[in-house]
Every structure is written in C-alpha cells, then in structure tokens.
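Asker: One line per chain: the protein sequences are G and W, in this order.
For what it's worth, the working numbering labels the leading residue of the first sequence as 1, then goes sequentially.
For what it's worth, the working numbering labels the leading residue of the second sequence as 1001, then goes sequentially.
Keep in mind the hints are simulated off the structure, nothing from the lab.
Mixed in with the good hints there might be a few duds.
Simulated pairs of lysine to aspartate or glutamate, EDC-like, Cα-Cα distance not exceeding 20 angstroms [what the hints assert, rightly or not]:
1. G:K158 with W:E1126
2. W:K1297 with W:D1266
3. G:K158 with W:D1094
Being a predicted model, the structure only gives us computed values, none of them experimental.
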Amino acid sequence: MLSEHLKRLEAESIYIIREVAAEFRNPVMLYSIGKDSGVMLHLAMKAFYPSKPPFPLLHVDTTWKFRDMITFRDNLAASLGLELIVHVNQEGIDRGINPFDSGSSLHTRVMKTEGLKQALDKYGFDAAFGGARRDEEKSRAKERIFSFRGANHGWDPKNQRPELWRLYNTRVHQNESIRVFPLSNWTELDIWLYTLAENIPIVPLYLAAERPVVRRGESLIMVDDERMRLNDGERPVMKKVRFRSLGCYPLSGAVKSDADTVEAVVQEMMTTRTSERQGRLIDTDEAASMERKKREGYF
Amino acid sequence: MTSLRLYSEALFRGNLHAKEETIVERMLADQNKSFLRFLTCGSVDDGKSTLIGRLLFESQRIYEDQLVTLESDSRRFGTTGDEIDYALLVDGLDDERQQGITIDVAYRFFTTSVRAFMVADTPGHEQYTRNMATGASNSDVAILLIDARKGVLPQTKRHAVICSLLGIRHIVLAVNKIDLVGYDRAIFDQIVADFSSFASQLSFASIMPIPISARYGDNVVTPSDNISWYQGVTLLRYLETIDIKSHHEAAPFRMAVQWVNRPNLDFRGYSGTVASGAVTVGDKIAVAESGRASTVKSLVTFDGNLDQARAGEAVTITLTDEVDIARGDVLCPPDDRPSVADQFSAHLLWMSEDALLPGRQYLLRVGMRLVPATITSIKHKLDIERFEHLAATQLSMNEIAVCNLSTASPIAFDAYKDNPETGGFILIDRFTNATVAVGMIDFALRRATNIHQQHTTVDQEARARIKSQKPCVLWFTGLSGSGKSSISDVVEKRLHARGYHTYGLDGDNVRHGLNRDLGFTDADRVENVRRIGEVSRLFVDAGLIVLCSFISPFEAERRMIRERMKEDEFIEIFVDTPIEECMRRDPKGLYAKAQRGEIKNFTGFDSPYETPSAPELHLRTTGKSAEELADEVLGYLRMKSIAI
Ligand SMILES: Nc1nc2c(ncn2[C@@H]2O[C@H](COP(=O)(O)OP(=O)(O)OP(=O)(O)O)[C@@H](O)[C@H]2O)c(=O)[nH]1
Ligand SMILES: [Mg+2]
C-alpha cells in the first residue's frame, strides 16, 4: 500500500505525463537509466493503462556509462515493449572527447548536452520528459514543471512563464520546446520509498557490493572497464560500495556502504549527512554550474 | 531485486509482490502524515528567503556538503557580514546571488514529525509579482513578512490582495527583523493594527501575527527569550497545527477529460484527475457542455479497478453508452452541473509588460480546455493602496481588475470561490505564447436570460397567514455599544416564546457571509445597509418578524429601506445612549482602538451618526436595563397589534 503522500505525488505526476501526451505533437521521455528515470517510466506505464505510453524513450549515451546500466536499459525497454532511441554524439567521438583528456566539464557539454540537442533536433521532439527533482539542486528548485526552451534549447531562468495551479501553458512555436519534469515535487527519499513500495527494478549499482575502486581526491571511482586510466603504480582495490546517483563511470563517485537491499538503502538515507549530488564530479566544477549547463540546454 | 521479466509481467498483471514488515514499512506509514503547502511573500528584502533558509536549516534538511557550500557562498555573496546568509540556501540563481534578491519562486520540501511541507519562497520585487502569484496558486497558507522597521508597504498590500484573490484563507503576519527594533512590542502592535484594518477588506479566515527574527531564529522554530511579551506559538508550530480544511471538500463531482484512452477497438476510456467531489461506479454522469448523459461503467487504474474515485485521484472512466466525449469536456452529476456560458465576469491579475487591451483576442485555458477569448470590458481596476475601484480602459503589468470576458465557444466552469479547480483560468498571448494573465471567474453573464422570474400565487399574505402573524422589521439604530443587540435579543426571545417566527440580523451573521466583501468606508457602509435592507424585505415577504441591529448611521439609508417596504412594516427604533456612556461600556474595546487611531471611520469619532428625526420608538437607555427597554418595544408592538 502506498502512503497518502506517495499517492498524492503519483497522481500529480500522472496528471503531468498525460498532459504532455495530450498537448504535444511529438513528445519523448528522456530515460537515463537512473532511479528517477525508473520511477518516471513506471508512472508513465500507469498513466496510460491499459494503453502503453504514446511516446518513445530516448537515451543519450556518452559511451562512458557503466556496463550494468546499458544491459539494464536494453532489457527493460524490451520487456516493456517500448521503443528506445539511443543517441550518441558521433562528432564528439570523432573529436576524441573523453572524460580523462577533455575534463568532466567539456566531456559533459559535448557528449550529454550537445548530444541531447542533436537528438531532439534530429527527431523534431517538441516536448521532452526529464526525471529531475527540485530537491536535487538549488537551481532545479527554481525551475517550472513545464520549462520552456527556446530554439537553441536554452533555459532562461529570468524569464520563466508563470505557472498557475495546474494550468500549464504548453504553447510553443516551431523549433521551440518544453522540458517537462513530472517528478519536480518528489524528494530522494520519496523516490526510494516508492521504488520499494512498487517493486521497481533498479540498476544493481545502487546496491552495495564488492567493486574494484580507486581513490581520486575525495571520491571513490569504480574501474568499470579497461579504459579507466590508472596512475603509475595505482591498483584498484575491492571495496563494498554503492552509488547514490549514476552517470559516466569515471565521473561517478561511489560511497562505502553495506546497504545491499532497497530497504537498507532507505535506512541508510535516514542517517546520511551528505547530499546525493556530492558523488557527482560534474557539479563541482564551479559554482552554479548546473544553472550554466541548463542555460546551454542541459536537462 | 525483482528480475526484469517478473517486473514486466507484474506490470501487466497489475499485481506487485508483497514485502515483509520492516522499519521501512513504518516509514511509509509515517508518510501518511498531513501535507501543507505554504509560501512566503511580502515586500523586497523583508527576509523571506532568510526565513526559509532558517526553516530548512533548523529542520535538518541541509546536508553537510551543502553547509560547506553555504559557508563559502556566504563569504562570497553574503549580505550578512561574517555570519551565515541563510537566504543563499534558497536564492539559487546566479543573478539572485549576485544581486542579493529573489527573482523567481523556489520550491523546497521539508518534514517534521507532524507534517510534510512544500514551501514556495517568492520574490518581493514588484517586477516579479507574477512569480509570487505562481507560488501563491500552489499554496494553502501564506506567510506575509513585514520588516519591523518599515511596516506595511504597498507591496505588502499587493501580495495580501493577491493571496486573498487566489483564495488563500489563512495568513501569518510575520513581523520580521524584530531584533533591529529592540524587540519592541509597541512597534509590533502598531503593524498588526495597521495590517488588520487593511485586511478587513479581504477575505481571510484567519490572520496570525508572530514577531520573529528570521536571521537569528527568534520564534521561528523555538520560542524567543528576547520577546517575552509574546506568548503565542512559534511559526513552525503554527504551520504544524493550522487546520486547512476548506468548504471545497464538499464541492460536487467534476472531472475534465484529459486524454481519451483507446488502446484497441474494445476499450474506450476517459482519463483524467478528479477535480472535486467523488464518482462511484453506477453513477449517472453528464457532459456539462453537450448535456449528454451516461452511467459510469468502471473506474480503471493500473493497480486495478476502483469502486470510487475521489478528488485528486487520476483514473480512467468508462461509460455504459457510446457518448461523444473529447479532451476538455467536463464530466459532472446530471443534477449538479457547472455553469456553461460564453460570457462571464472575472477578477484578473495582468502579468505582462504589454498592456491588456479590451477587444484583443487571447487564448483562455480553463481546466483542459483552450479557447479564444476577448476581454469585452474592464469594469474597474483596483487601487491597492486605498482599496478603491477606478475606471480603466487598459491594464498594465501587476494591475488587478474586474472584467467581462467572452469566449469563442461556451465553456463549463464554477465560480472560483466555490471551486478553484474549475473556476481558475490563464490567458495566453496568441503571438508570443506568453502567459499574460491569471483569472478567477465570478459568475456567468446574461443571468437574466437563464433565471426566469417565478410567478406564484403564494404571496406574502398567504405566507404570513399560516404563521398567524403580521410581518415587519424592527430596525434598531444607534451608536456602537448603545445596547441595540442586547435589547433586540430580549425582544426576540420573548416573541419566540409566544410562538412568533422571528429572525435576527446583526453584524455577526451578515459581515462574515453576505457582506464579507465590504469594508468600513462610507460607500461600503451604504452598500452594507442596502443589502441588509433588501434581505429584510425578502424575509418580511416570507412572513417573518425581522430584528435588525446595525449602527446604520445615515438617515438616507434608513429612509431608503423604509421606502422599499409597505406602510407599518418598517419600525425604526432609536437606541439613544450618550457617547460618553457607550465609551464607558465599550464591550468590544472598539472605542479604545479608535482613540488610538487603530480603527478608521468609526462612528461617533471620525464618522458621523445622524440622529433619527422621526423614529417609531425612541428608547432613552440611561438608567434602564435591557429587559425594561424590551418591555417598551413589546408594548409598542401590542399597541400596533403586531404581537400580543
Ligand atoms: N537583522 C535581521 N536581518 C534580517 C532578518 N531577516 C532577514 N534579514 C536580512 O535582510 C536582508 C534581506 O533578506 P532576504 O531574505 O534576502 O529578503 P527577501 O525578503 O527574501 O528579499 P526578496 O526575495 O528579494 O524580496 C538580508 O541581508 C538578511 O540577512 C532578521 O530577522 N534580522
Ligand atoms: Mg527572497
């Protein structure tokens, strides 16, 4: 049984998801394989039942995701019978962009942000769902549920449309689009409790297991494949770790943990003293970097 | 971990696995605690963001790494010298941090052992009023901040008016920065009085004044040692306990169809969220716009079919008949339908830099429907400072007006005050696609063509006859505290005891309902008395003996009511008590307030009382009890054969 709180959140999200399907010509759901995406997809399955979601999934693959994520993604789309579009920024690959030589900032901009914009343009999507939550980050807390993006996909935080009640303004001109965040009002804890209550499958990396890691500054980085650059004399050591948020493996910091079930993860959350974004190297580049990336068209 | 295959099977069976009882189960149960959405508003720099930062900080919603960032941010952008600038926890945009102001609303979440909260921290700058309105439309309670050094400012009033228009019923008047005025009680009292006299013209159900210091935390989460004269609750305690149940919970069933669900030829459902009321399988329903009717066959959800769906639930309805229903149609009970009209009157807050022009076409979104609409006339706009109605030919940004609108096709709606879900709308510019206005529908126009005058042979005489009484109005007039209500109470009790059917009207039952939109300006007092007069007239027509106790200071209005009635039906009773005596009694403490200047337009002080020139009855009260005076009234009624 869902709590009243989760029921309320669920109903609100379903309303938002249906609204997009009804109002837009060509919507798409960004599927990043993370826990938030998992919940969002689950809600989409509920929203249209007994129909299936009337839009495809899109994954912008940087080619540096954990291998477990890719396996999980392909199995899930197949088992739900949904169309999955995978887009890679080939231009970035040709330029040799990677997290080690290019730095996290450039890598993210080219492979994620540019890749996303390419895919949206290529397919002409006029609305794209994202699984971002307002409690994740201070500029996210400022964003509308229906977030207008101009012709270059950029967010203009000083000029957002008023968003009264649940009356969303879905009007866009040619080449403009809307990013839609059905999970805006969920917290990290809500996501986990819902995942647990609804038995939503998650990538095993969210649960603690012995994994080969190396220490980089404050972070533990998992050596997921042979492309990981090790320093001279550096050797991966096995540690029981898990991830609070998943991205490109060289940029995702693991935390030491014994939480190997979703229940244990929830319990751990109750005592943690740090935020989920702490493990994400891409946010710490500079102050307000999330806002800057969003202005450039990032989710 | 569920395997993927099992997951997808479970998905389409709609049956998920059971789990054993755990600590987590208890946490889930804990999540059943109630939920409150509130906003902070008020003028620039009054401390709204600092307050929210404080609340988040003290409710332990801030992680260590965020605290480290906050410390370095405070050094870099802070407005608080060496101290932590809590506003930086919420002012998350580059420009906000650089300029030290809030530009757009931030939504944050926190939980205490009692309640879960969603808070909207809104900007004080007039330029960003629309962002404040955005936050207010998603809130149940408003915290209106006032800088103790500055008092009630125009922007404070603007925000109060917007909260009131949007139907927020409870507000906290947070008198902030009390540390900067030496925790002075007199300053607090003055601000509360100033605001209360302004807010009497608005429709708040409650106003809770609390002296606070957002920066140092006094009365935010913990009671303050610095403000020993304040014995009330802290802000957080108030938020945890305020009862926000509203009369909207009794609103009839409404659901706008959001999406037509057709997975195959055998299934046709209408997906939507129940806006108000409830719907049960087997219920008869109608489509408001077309009038077509059908019966609910099933309420489908992914987790199985329901017997009943209530407000807020997202469902898919199937019907027993093939009815033509599309997105935007409003489903309702056949015997309790919304208005369907193409012309209506509404309150409007204009939010665009380009002025509103009557006659120009906009897109109107109400519920799930989008229709072309024009503003046919601006009836008046509101002067927020003086709360007056002004004539206007156009509206500029942040102005509030009452307008008539006309839509290209009829729309279904309820009055916003009855049902915000079906009575609120936005206007969209057709060319820029910007959201330019927010509106609250008041009523459909051309009512005269819909409501036909009922002709009946059951007249006043017939109604009075079955009560064996002679209907009339006993109109008690006199200064505040002169004894009108006490005398009229005794009279009513005695009449009732003798089997007469009476009804008493006084400030208590009229000001809160019928006339709650009226204040105490001369114009409003006139309208107040006029309405009471009309109600009395209808009650007399119904055959009742009506007892009215109102100061009713102006001769002209008393005469007007007299002239609306038949000879002998209006009995004016002048309750004559010298003002010195009224002031000595002062049962409601109003004279004291008037003397302190806290109440404006107080009769006998800065507003005149016109002594009746020819009352039916002149009660000189000095030295007499209410009972003795009531006897005088009853004696008169006997003499006129109205009551034995
Ligand atoms: N001494 C004192 N200073 C305060 C208090 N509350 C806020 N301030 C200071 O007042 C200034 C403005 O505070 P903010 O929280 O940014 O004000 P705001 O109402 O959010 O401003 P806008 O959102 O731009 O309208 C900051 O320097 C705060 O530190 C208080 O209780 N006491
Ligand atoms: Mg602020």
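Asker: All hints are to be evaluated individually against the structure, with a verdict given for each.
Answerer: Structure-based check of all given hints:
1. Restraint check for K158 (chain G) and E1126 (chain W): the C-alpha separation of about 14 angstroms stays at or below 20 angstroms, so the hint holds.
2. Of the supplied pair hints, the one linking K1297 (chain W) and D1266 (chain W) holds, its CA atoms being roughly 14 angstroms apart against a limit of 20 angstroms.
3. Only pairs whose Cα atoms come within 20 angstroms are accepted, and K158 (chain G) paired with D1094 (chain W) is accepted, the gap being roughly 10 angstroms.
The structure is consistent with each of the numbered hints, conforming to all of them.
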